Every structure is written in structure tokens, then in C-alpha cells.
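Work out the full structure: start from the sequences and follow the hints.
Numbered by the numbering used here, the letters in the sequence shown go through residues 6 to 140 in order.
Don't take every hint at face value.
Below 30 Å or equal to it, Euclidean Cα-Cα: the simulated DSS-like pairs (lysine-lysine) are [claimed, not checked]:
id, residue 1, residue 2
1, K118, K66
2, K130, K103
3, K103, K66
4, K107, K66
5, K103, K118
6, K66, K130
7, K130, K74
8, K118, K130
9, K103, K124
If you're looking for bench data, these hints aren't it; they were derived computationally from the structure.
The model shown is predicted, which means the values in this text are computed figures rather than measured ones.
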Amino acid sequence: MPGWVERPLDEVYAMHADIIAQPTWVFEGYNKATRDERAARADTIIFLDLGRGIRLWRVLKRCVTHRNKPRPCMTEGCHETLNLNFLRFLWLAPRKPKYDDKLAWLASLAPHKRVIILKNRRAVKNFLAGLEQPS
6 MPGWVERPLD
16 EVYAMHADII
26 AQPTWVFEGY
36 NKATRDERAA
46 RADTIIFLDL
56 GRGIRLWRVL
66 KRCVTHRNKP
76 RPCMTEGCHE
86 TLNLNFLRFL
96 WLAPRKPKYD
106 DKLAWLASLA
116 PHKRVIILKN
126 RRAVKNFLAG
136 LEQPS
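What follows is the structure, given as C-alpha cells:
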């Protein structure tokens, strides 16, 4: 919400339920509290497992491009800043048990869902090139 104020959880869950009740939807992000419900309704799960370098580069580029102003996809009052804790998280994430838990969770879905893990920019580009274009 404006000014980086977190939305109350009951509101988040209500919004989540409304969205996944729709016939088609796309979610971005990994929220452990809602992941299983989304996965049950999803036909495809895409996990961007990009390297540290590209993740850090994109965050730094985003910070420079949108410095002290909100990104077009953000709510007013959520100005882009460089957050050292977030940079530390990006750097250390693949070394943490939580990361392995995500990969194990994805593997458990694979027999029943289309699970796509994209590990580099070329894989993302090839995947996007193979998508049907809207008419």
C-alpha cells in the first residue's frame, strides 16, 4: 500500500481467493502461506532460478532507473531505494535451506503440474519466444 505499508493479512488472503477463483490468472512471487492453494489451481508453475549476478544486476539497474520515485507497477509513495538487506538476501538465497525447500516443493508438483525452471536469460528468452502470441 502507499508508503510501503503492508496490507492486512486478511485482506491479502481475500484478494488472493478472489484472483484464483478466476478462470485465468498469473501470480508473481513465492508466498508460502498461499502457494499450495495456488498450485492446486494452477496448470503451470514457472520458477526463475537465475544466477546471483543477473539478480543483483537487475536490482541495481532498477534502483538507478527508478531512484527516488515509484516504478510504474508500484503504488504511490513506494519509492525505489537500495536496500542492503535485500541485496544480502539475493546473494545468500541459494545457500539457504528455504531455497532447497522451494526446489523440493516444485519437484513434488512436477508429476501433476507443468513445472518450468528457467536458469538463465537464454532459457527465459527461448521460453517466451515459444509462447503463443495473442491474436
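Numbers of the earlier hints that this structure fails to satisfy, in rising order: 1
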